[in-house]
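> Given chain C's structure and the hints, the job is docking chain S onto it.
Protein chains: 2
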Amino acid sequence: MKDPFRTIEWKQDHIRLLDQTLLPLREEYIEIRTVPEMCDAIRRLAVRGAPAIGVAAAMGIALGILNARDDDRGAFDTLFGQVCSEIAATRPTAVNLFWAVERMKAKAAANLDVSELKKVLVAEAVLMEQEDRMLCESIGRIGSILLDEGDTVLTHCNAGGLATAGYGTALGVIRAAFEEGKKIRVFADETRPLNQGARITCWELHKLGIPVTLIPDNTAATLMQRGRIQKVIVGADRIAANGDAANKIGTYSVGVLAKYHGIPFYVAAPLSTVDLATPSGNGIPIEERDPCEVTHIAGVRIAPEGVPACNFAFDVTPHHLIAGIVTENGIATEPYEESLRALFAQKGSPVRS
Amino acid sequence: MKDPFRTIEWKQDHIRLLDQTLLPLREEYIEIRTVPEMCDAIRRLAVRGAPAIGVAAAMGIALGILNARDDDRGAFDTLFGQVCSEIAATRPTAVNLFWAVERMKAKAAANLDVSELKKVLVAEAVLMEQEDRMLCESIGRIGSILLDEGDTVLTHCNAGGLATAGYGTALGVIRAAFEEGKKIRVFADETRPLNQGARITCWELHKLGIPVTLIPDNTAATLMQRGRIQKVIVGADRIAANGDAANKIGTYSVGVLAKYHGIPFYVAAPLSTVDLATPSGNGIPIEERDPCEVTHIAGVRIAPEGVPACNFAFDVTPHHLIAGIVTENGIATEPYEESLRALFAQKGSPVRS
Chain C
0 MKDPFRTIEW
10 KQDHIRLLDQ
20 TLLPLREEYI
30 EIRTVPEMCD
40 AIRRLAVRGA
50 PAIGVAAAMG
60 IALGILNARD
70 DDRGAFDTLF
80 GQVCSEIAAT
90 RPTAVNLFWA
100 VERMKAKAAA
110 NLDVSELKKV
120 LVAEAVLMEQ
130 EDRMLCESIG
140 RIGSILLDEG
150 DTVLTHCNAG
160 GLATAGYGTA
170 LGVIRAAFEE
180 GKKIRVFADE
190 TRPLNQGARI
200 TCWELHKLGI
210 PVTLIPDNTA
220 ATLMQRGRIQ
230 KVIVGADRIA
240 ANGDAANKIG
250 TYSVGVLAKY
260 HGIPFYVAAP
270 LSTVDLATPS
280 GNGIPIEERD
290 PCEVTHIAGV
300 RIAPEGVPAC
310 NFAFDVTPHH
320 LIAGIVTENG
330 IATEPYEESL
340 RALFAQKGSP
350 VRS
Chain S
0 MKDPFRTIEW
10 KQDHIRLLDQ
20 TLLPLREEYI
30 EIRTVPEMCD
40 AIRRLAVRGA
50 PAIGVAAAMG
60 IALGILNARD
70 DDRGAFDTLF
80 GQVCSEIAAT
90 RPTAVNLFWA
100 VERMKAKAAA
110 NLDVSELKKV
120 LVAEAVLMEQ
130 EDRMLCESIG
140 RIGSILLDEG
150 DTVLTHCNAG
160 GLATAGYGTA
170 LGVIRAAFEE
180 GKKIRVFADE
190 TRPLNQGARI
200 TCWELHKLGI
210 PVTLIPDNTA
220 ATLMQRGRIQ
230 KVIVGADRIA
240 ANGDAANKIG
250 TYSVGVLAKY
260 HGIPFYVAAP
270 LSTVDLATPS
280 GNGIPIEERD
290 PCEVTHIAGV
300 RIAPEGVPAC
310 NFAFDVTPHH
320 LIAGIVTENG
330 IATEPYEESL
340 RALFAQKGSP
350 VRS
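Top line first, the protein sequences correspond to chains C and S. Quick note: the first sequence uses numbering that gives the first Met the number 0, first residue 0, plus one each step. Quick note: the second sequence uses numbering that gives the first Met the number 0, first residue 0, plus one each step.
Looking at chain C on its own, in the form it has when it is part of the complex (with noise of 0.2 Å):
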């Protein structure tokens, strides 16, 4: 089944990629023309999901250093240093920002004629989406081993094929589970306060004919109570070497909610996301974002004037909440440190090879 959509895309000269804030209501394509247009993107969310800023970070930079002079290697270095700071500096939770820098930073090394450096840094930043895409369909495939049928699975965000360059994490595994033939609902959290869950996840779930049901975050608990919900699989922003792992505010509510029903609670994310320089939760930065993101909705206000809300875009789940989480090379388990430290290992590894 091909995605019913494009996340991202590189365009000869500019980039095209669906403006996710306009979802469900519109499905709008935007031209990304400039740097500072591609960082205004990043942090308005228009691309967001940690696999997707990835390869929107690696698209942003090959953009801006598209009509560097090809004469004079020191200004193009200067240039692309720039570039690569302006990127990096747009969000600071997902990993893959940082490591689609990395990796562009190391192909920039290269001594070559800047001619051919931007032909390269176009051709890694394309290898980027593409790899993505596999990586996410291997994920898919590895953990739909994971849902049995006629699971009820809850999942929190989007962590789909809009989170990524197509296909998704979480929902790359909810979507290779349904295309075996395997009965799956889902109930997709709402993911205060930018609906994500609601916007997002049930658009790319309804286009694909999976069956999915809205709730508020605040009512898994009760489907749980219930016992309606046999699994709980997510996607994660930043993973630390111990397992702890990053994602949408929100998370960490179910991962508790999980552990205490006795839920299986999955992590779905490519190795780009596992971040070994952390070695814990404790070091991955949060971003706080704007409090009218939280007493402003669809643009009305909710809260009234003169009360500070608190906006923190993302939560920590504790890797002792995690019964395993699936990457393109395997599902790691506990004990973490060892498991993805193996995952990274593993020949054949299509990032950070």
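What you were told as hints is all true, and nothing was included just to trick you.
Straight line, CA to CA, 25 Å or less: simulated DMTMM-like cross-link-like pairs of lysine to aspartate or glutamate: (1) S/LYS206 to C/ASP289; (2) C/LYS206 to S/GLU304; (3) C/LYS106 to C/ASP71; (4) S/LYS106 to S/ASP71; (5) S/LYS206 to C/GLU304; (6) C/LYS118 to C/GLU8; (7) C/LYS206 to S/ASP289; (8) C/LYS10 to C/GLU101.
Beta-carbon label-pair distances, calculated as ranges: (9) S/PRO210 to C/PRO284: 24 to 30 Å; (10) S/ALA341 to C/ASN281: 44 to 50 Å; (11) C/ARG42 to S/VAL299: 18 to 24 Å; (12) C/ALA344 to S/VAL299: 47 to 53 Å; (13) S/ARG300 to C/PRO278: 42 to 48 Å; (14) S/LEU275 to C/ARG42: 52 to 58 Å; (15) S/PRO3 to C/GLU286: 33 to 39 Å; (16) S/GLU8 to C/GLY282: 54 to 60 Å; (17) S/VAL299 to C/ARG5: 22 to 28 Å; (18) C/VAL125 to S/GLU304: 31 to 37 Å; (19) C/ARG15 to S/GLU148: 56 to 62 Å; (20) S/GLU304 to C/ARG43: 23 to 29 Å.
Covered stretches of chain S (chain C as the covering partner; in silico rule of three or more C-beta atoms under 8 Å from a C-beta of chain C): (21) 180 to 190; (22) 219 to 232.
Since the hints were made in silico from the structure, they are not lab data. Please read these numbers as outputs of a predicted model, since none were measured by experiment. Backbone N, C-alpha and C define an ideal beta-carbon position, used for all residues, glycine too.
Okay, now just chain S, sitting in the frame of chain C:
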């Protein structure tokens, strides 16, 4: 400190109530002149909160018989029965509604002239409004011992002055502690789908000068994880004989999270909310409301067309998650079977006497 608003008030020939659906943007009082208008106000949550619904029900019944002919007791009884049935059919979960209807029925059984009976019933409804405010002040005074100097308290939905005739239950406890001079801060869950926490609790606390910060429902867990919440206190719509408490959807989630983090979780409610005839939470009917309340926010669609949504209005928190139930007669603790009955049996119980 006086309430900066009046939830509901009897006015000679009509009822005046604050339309809570318009808060916080507009503070608008509406006049209720017929039983269907009152039923509509209860159904669409213009007046909500178990104790306030009880008062609204009693006043609605008084309104319904106000123009009955004085010379036909048989016709009066028929009309009275019809009015009671209409009022009782508005919402299923809050037991205060049925408690109020039964209390009015007991009064209506008196062997009096119709003209006398009408006065008695109006007086009873007005008395219930006055009593409810007094009960809430008792709940506040009794419960404030549970809150310590410097505590940050999480509450869910609105169990404030607007959920009652005044002062509030859970917010009454917070308010009493604050009025005693304790430094108390509050996190208010926004309480999707209808945002009573954001709209009403924040509005009330802000008016009272009690520091409040709004959070999405899914953010409570990470604040608990960070040690930023010391107590949880919520209201209830019906408490079973064993202490299981039905309250706004999301309360059970908070109960599990509080247990997991070792944070005491309290319920505050008048004894009129305790339903000794219902042995456990399994017997409490849970209202399901229009899925549009979940798929739309402030009139704006947030989910794709064709995606169903789950909209339980309440959930049940089992008694073993509850550290104490604060009533006007004292604080019940495990085993609730015994402690709740003992509170009913107390001398001077202002309800069910």
